[in-house]
Each structure stands twice: as C-alpha cells, then as structure tokens.
Amino acid sequence: MIEFLYTLAGLIAGIVIFASLYPPSASTEAPVQAPEADPEILQAKVEVQQVSDNLQDITSHVASSVGEHSAEIEQFNAALIDSATQLPEHLSKAIVQVLAANRKMQAELADAQKQIEEQSKLIEKTSRQARTDALTGLANRRALEEYLRDELGKSNSNRLSGLLLMDIDHFKKFNDTFGHTVGDLVLSNFGKWLNEICDENCHTFRYGGEEFAVVIEADTPEEMVAQAAAIRKFVSEQVLPHDGMQLRVTASGGLCTLIPGETIESAYERADEGLYKSKEAGRNRGHWLDDDQWRPFPDAPLPESAAETAEAPASSASTDSVSDAAVKEESDHTDRRDVEPSDEQEQPEILTLNFFMSRLDGSLDQLQRADLPAGGMMIQAIAEDGENEPLSQEAWKQLEALIRSNVRGIDVICHFRQNAICVFMPGCSMRAITDRAAHILAAHAELRAGAEAGELPRRLAISVAMAGELEKGAEFLDRLEQALDAALAADPNQIAVHEGHSVVYRDV
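Take 0 as the starting number for the sequence shown in numbering that gives the first Met the number 0 and just add one per residue.
Hint data in this document are derived by calculation from the structure and do not stem from the laboratory.
Because the structure is a prediction, the values reported are computed rather than measured.
Yeah, the Cβ is synthetic: ideal placement off N, Cα and C, and Gly gets one too.
Each statement offered as a hint is correct.
Straight line, CA to CA, 30 angstroms or less: simulated DSSO-like cross-link-like pairs of lysine-lysine: (1) K471 x K171; (2) K172 x K278; (3) K278 x K191; (4) K103 x K113; (5) K278 x K171.
Just the calculated beta-carbon pair ranges, DEER-fashion: (6) G385 x N353: 22 to 30 angstroms; (7) D298 x D506: 26 to 34 angstroms; (8) D298 x D360: 34 to 42 angstroms; (9) H179 x E468: 24 to 32 angstroms; (10) D290 x G467: 45 to 53 angstroms; (11) G281 x I258: 24 to 32 angstroms; (12) D490 x G453: 18 to 26 angstroms; (13) P297 x E474: 39 to 47 angstroms; (14) G385 x D506: 19 to 27 angstroms; (15) Q417 x E498: 21 to 29 angstroms; (16) K191 x E468: 29 to 37 angstroms; (17) D490 x Q292: 52 to 60 angstroms.
Please put together the full structure from these sequences, using the hints given.
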C-alpha cells in the first residue's frame, strides 16, 4: 500500500514536470506568428494535460482516503482495547500484537498522507508555474492557448470576445542601448501596467518576447474597441526612471473579434495583421478589424482610476503651460521617440562649469546612441547698473529661483559666466526648449513689474540650441554662447536660436 502511494506520487510529479519542461516556443524579437498546427502534437499536449489533471485529482482523493482509513484504524484499536479486558490471556496477547501492528501501520499511513498532500501541493504549484510567465507574472502563451480554445469552443455565448495583440515599440533599442537588465525591467513593468488598466472583463497574457495579449469580453463591438484603445493608450503613456532619465515605453496593437468555431491560428493571424498595420502606420497606435476593413483605434479616454495612475507629478503653477505644450507637441508627432525624459518634481542643483562639462559629454553620447534629442539654453542677466556689472546677491538669488522653477529635475544647470546660467535639457525638442525660454522671459517681466529696484535683473537675454548628432559638449556650448551674445544685441522680447550654421530670432 505504502509503496503504491509513493510510486503514484512520483509518477504524478514526473508527468507534470515533464510537461512543464516543453512549453510552446516563443519568439523574442520577430513579429507575432501563428504557432505550428500539427494535429498530433496538439492532441498529445491535450492528452498529457488531461493525465496531469486526472492524477492531481487522484492524489487529492488518495490523501483523503488515507486519512479516513487512519481514522477507522483508530476506532478499531479502541474497540480491541475494550474487548481485550474481557478475553482469555492468550487472546489478549494476540490482540496486543494486533494493536501494535495497527499503530505502526497508522503511523505509516499518517506519514504517507502527509507526503501525498505535499506532492499534491507540488503538482498544483508546478501546474500553475507551467502557465505563468516568470518575468512578468502574467499567464503565458500555454495558458493563452488553453483560454482561447475554451472561448472559441463556445457556441451560445451572449457576450463578444476579442483578441488584442500588442508589441512594445523598438524594444530591441532598450536592450542595445541600456542593456538586457533594463529590457527585463521594461517587460516586467509592462505586465504590471496591463494589470493596472485591465478589469474583470480582461485577461492578460505574455505571448512571448516583447509581445503581449489581452482577451477582452464585451457586450458590443464598440465597447470592446474602446476598452482595447484605453489599454493601449494607458501602457503607452508610462515612463520608467533610469540613470537620471525617464524611459518612455509605447506599444502598437491589433484587435480582432473571436469567431466561435475558428482555429486559434486564424485568430492569431487576424490580430497580428492589425498589429502589422499599426507598425506600418508609424507605431504607437492600434487597429481593429471592422468586418473586413481595418480601422485605427479611437482616441479613447482613460478610466478615472487609470487616469489618476498615469498622471505626471504635479508641477508648479509657473510651469504648467510649458509642460502641456511640450507634451502636446510630442504626442502629435507621428515619429515620436520611444525613449524620452519626462518631468520630475525635484529641482536640480546648480553645478560649477567644470563639473558640468565633465557630465555633458557622457550625457550627450548616451542620448546620441539612443537616437534621442538634446538641447539647452543660456540665460544672461543684465544688472541695474549695466551689462558688465555683477548682479546683487538678491537679484542673483531671484534669478536662480526663477530658472529652477521652469526646468525639470533631470535638466542640468551650471554657472556659465558672470551673470549667466546654462541649462542642458536631455530629451527636449526645440519647440519645448523655446517655450520654456519664453515662459522665463514672461515670468521675469511679470515679477519685475511688482519688484523694487535691484531685487531682479533689469533684463534677461536667452539663447537656445539643439545638440548635433556627433557634436561634443564644448562645440555645443560654443554655439549656445554665440547665440547668447547675439541675444544681448537683439530686442528684449526676442530669443536667439542657433540653427547649426546661423542664428535666427524668435519673437515672444
């Protein structure tokens, strides 16, 4: 009996572990492809899973039976003890021997029951792990196929089901630029974001590599499309902090309605076609199949809870309009960068020029390798007593506060020369930098209108420029300084912009 139970438990564990060692293969970089549809392999997988499920039921039943049998032996022992006091001596001795044997067997059964229960828990855990992606914690491709098989087998469901396939845009660039550790961080957080936005009508899966799937249940096609659009939009508005930057993650998507009776391969192919349409259209968007025509996702609003999660850190009142303008410009651009810095709450410190230069080349090199924009501005303050006179201590303090309140935590600030400050702005477009410069000029004019003489600089001159693809830090600062000298000679309401070979002026 005991040997049989041990053998049975070992057999069960072996079958489940064997099945978990051979999950369906998953691509790490190629676009989603329909899995191989060998009928014999599919049938074998189904049969192995059925055996695993049946054996798990058997272990639970055996453990229960062993417990019941142990209780019956205990009752039998009690009856024998009562009888032994009323029987002749030789029968009493025999009963004592039977009692000893029963107690030994009872102990062995108790031990067997404990081991079988442990084996049952191990089987349950292994079975669960075989359907879970270790990195993201989402259900894996095996679980997705089982779920789709059940959904496609329903013939009288009153609700619609849709398959949304999503692919992280330019995922290879995260690995190549920042390393595989950051790539894994992107994947694990993408899974977390999916769980944050998805409700009880959505079931999330990692298909493989950088590809994810969501099965959406809805009452109408419009409801299903709106849910898919909200999911894709939410995960594409998230950022990850890394090495002083914020890495922006976006995703493309394709959605199709599941048709009862169709094959899993057919559903994959249709959703994958929508994913391809989205990538072909520029990425960071989604397409859904309306009858036989692909249509772009609507601009779905986020659910209230998700919108709160996705909100950027609150900025000061003096920077709201500038931040909104920068974000709007980037979101309207069809070739939006996949990795972008974003605002942070903390204010940057002001560095010495030497320390600033020691950081600038490294930052520029990292941004250039990642194909990200970088730019900056210089602000020259003119004292009440004249252009060449130093600012008063109070005026310099007010200037620093004004600039700090209008830049981001990841921007780098330094004292460049007398009465001048330089700001390096990784990830910003020319328009965003110019908008911030204009806001600084406007804020200075407003503050000066109510200030006493000497409390603020008499005037500010500002230059802006973008760093070139192969430009070094010193070359970039030289161009900014050239434009700053031009700004000093320009109208006070103009910003000097160095466009690479020449300086132009922008009115504010």
